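Chemist: Single-letter residue listing:
Protein chains: 2
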Amino acid sequence: MKVKLASSYGFCFGVKRAIKIAEGYEDSATMGPLIHNQNEIDRLKTDYNVGLYNNLTDVKPKDTIIIRTHGIPKNDLKDLRKKDAKVINATCPFVTTPQQIVKKMSQENYSILIFGDEAHPEVKGVKSYGEDQEDVHVILSISELDNINFKYDKIATVAQTTKKKETYLEIVNALILKNKEVRVFNTICDATFENQDAARELSKEVDVMVVIGGKNSSNTKQLHSICLENCQDSYLIENAKELDPNWFKNKNLCGITAGASTPDWIIQQVVDEIEKY
Amino acid sequence: MKVKLASSYGFCFGVKRAIKIAEGYEDSATMGPLIHNQNEIDRLKTDYNVGLYNNLTDVKPKDTIIIRTHGIPKNDLKDLRKKDAKVINATCPFVTTPQQIVKKMSQENYSILIFGDEAHPEVKGVKSYGEDQEDVHVILSISELDNINFKYDKIATVAQTTKKKETYLEIVNALILKNKEVRVFNTICDATFENQDAARELSKEVDVMVVIGGKNSSNTKQLHSICLENCQDSYLIENAKELDPNWFKNKNLCGITAGASTPDWIIQQVVDEIEKY
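Protein sequence lines, in the order shown, are assigned to chains W and H.
So the number in the numbering used here is just where the residue sits in the first sequence, counting from 1, plus 1.
So the number in the numbering used here is just where the residue sits in the second sequence, counting from 1, plus 1.
Isolated chain W (complex conformation):
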């Protein structure tokens, strides 16, 4: 089986930076999974003894705690800083930006709209920076707009860094038609765009498409959904073990892309395996 990699794929700036930070603090622990990739988290544990805490109550005195790339809610950070622990912030700078925008805009009496997934840790963190939590609204699609009662007719809006720009624009357009002022912050990350555009192009020319990434990773799921638009035989896997030889029967060319949290060593294993078929 011939394999072709997307022209852009895999680790983004924020993930590379967070891993480098974590590798610099042996015997530390991350607050929540550092990135959305279990294999890489396991590697950090094995190679650097970087552990994982899921609750503030896990923190012990003198611990070194690394804040995950997606950030954590404002009050959790505050509580963490009160403990007798060293806090290292590996929040992606592109996530810190919408956190600070939400803080500033709500202080200036704008109603806040976040385009994103309310359950995603990044969005939980960003939302927590609103001064008036009652007037910070999170939606995933334009249809949810009708149910929102904004406090003001001045709206500030940010997007989860990994969301589709087309859907963000749809939502923004609806806001503009109904409100006096809409302050639009384009917080969608360029890396996401680049990986998405490359996946779109590649999926048009191949017979089968393999998307490698965490199944709880927002940007990996988006890549998969984009590939499915052009190539019915698109599969999402976390690592080479999940490959099924049946996918490649009677196919000539296999395209490969990977989410922003997928390390190169996992991608290489997948490529090596597919090339054997």
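Among the clues, some could well be false.
Note that identical chains are pooled: a pair holds if it fits in a single copy or bridges any two copies.
Stated by the list, open to error - The calculated lysine-lysine pairs, modelled on DSS-like cross-linking and capped at a C-alpha distance of 30 Å, are:
1. K17 to K181
2. K179 to K125
3. K155 to K17
4. K179 to K17
5. K166 to K179
6. K222 to K181
Please keep in mind that the hints were generated in silico from the structure rather than gathered at the bench.
Bear in mind the structure is a predicted one, so any value in this text is a computation, not a measurement.
Place chain H on chain W using the hints.
Modeler: Leaving out everything else, chain H in the frame of chain W:
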């Protein structure tokens, strides 16, 4: 010939207000045409001796000068106030709003984009309020965006009150994809929307459509263009004298709409005439 009026047409709030103001100042003069309708301007001259000045040099001591609904450039207003004349401001409040936005936003170091017609008096006035005239850009279509060098990556944008919202959104979307922050002020007037929506609906159900309004009126021209999309036999006239009986041959139902500067008495004359056919 049967005639049907659009569910919304004619004079908007700002025009009604300006005429009322002008009627209250006999023997005054307007600075530029008060509204874009020659017939109504003639009526104000005949009934109230409200004259028309086109240049500041026309102003004589003790004159009462009425600022037109579209507003005038900031420096003209300043110069006018220095003269020994009484200044009455009939600028539509919906036009004063974008003037003040452009002033404030350029003071706060936003680059300014105005969606509108650079040659239109309203736009000339709004543009004049930018602190840095080099960084206030006026465009009529999305294709012109490529030629603009904004000074900042924070853009504030307003629209001429009578422009199409769909085109404004297209431009805004392109801005959002290329800039960190876009501050969108929806300054398109509701009255324009309402007349446009009603014209669109009516033009779908009639055999011939007559749009009444000034041929230099931006919103009247838009109404005409919207009607043409649904009804090939759509005609733009300023008054009943311009009607051509040939337009109504073998037609059953004639739709009527009118621009925001068209007085009811002109509309009534047109309706009366068409009903005779």
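Chemist: Each hint needs a verdict: does it hold in this structure or not?
Modeler: Hint-by-hint comparison with the structure:
no., hint, verdict
1, K17 to K181, "between (41 Å within a copy, 23 Å between copies)"
2, K179 to K125, "both (26 Å within a copy, 27 Å between copies)"
3, K155 to K17, "between (37 Å within a copy, 28 Å between copies)"
4, K179 to K17, "between (40 Å within a copy, 25 Å between copies)"
5, K166 to K179, "both (20 Å within a copy, 12 Å between copies)"
6, K222 to K181, "between (35 Å within a copy, 25 Å between copies)"
In this structure, every one of the numbered hints holds.
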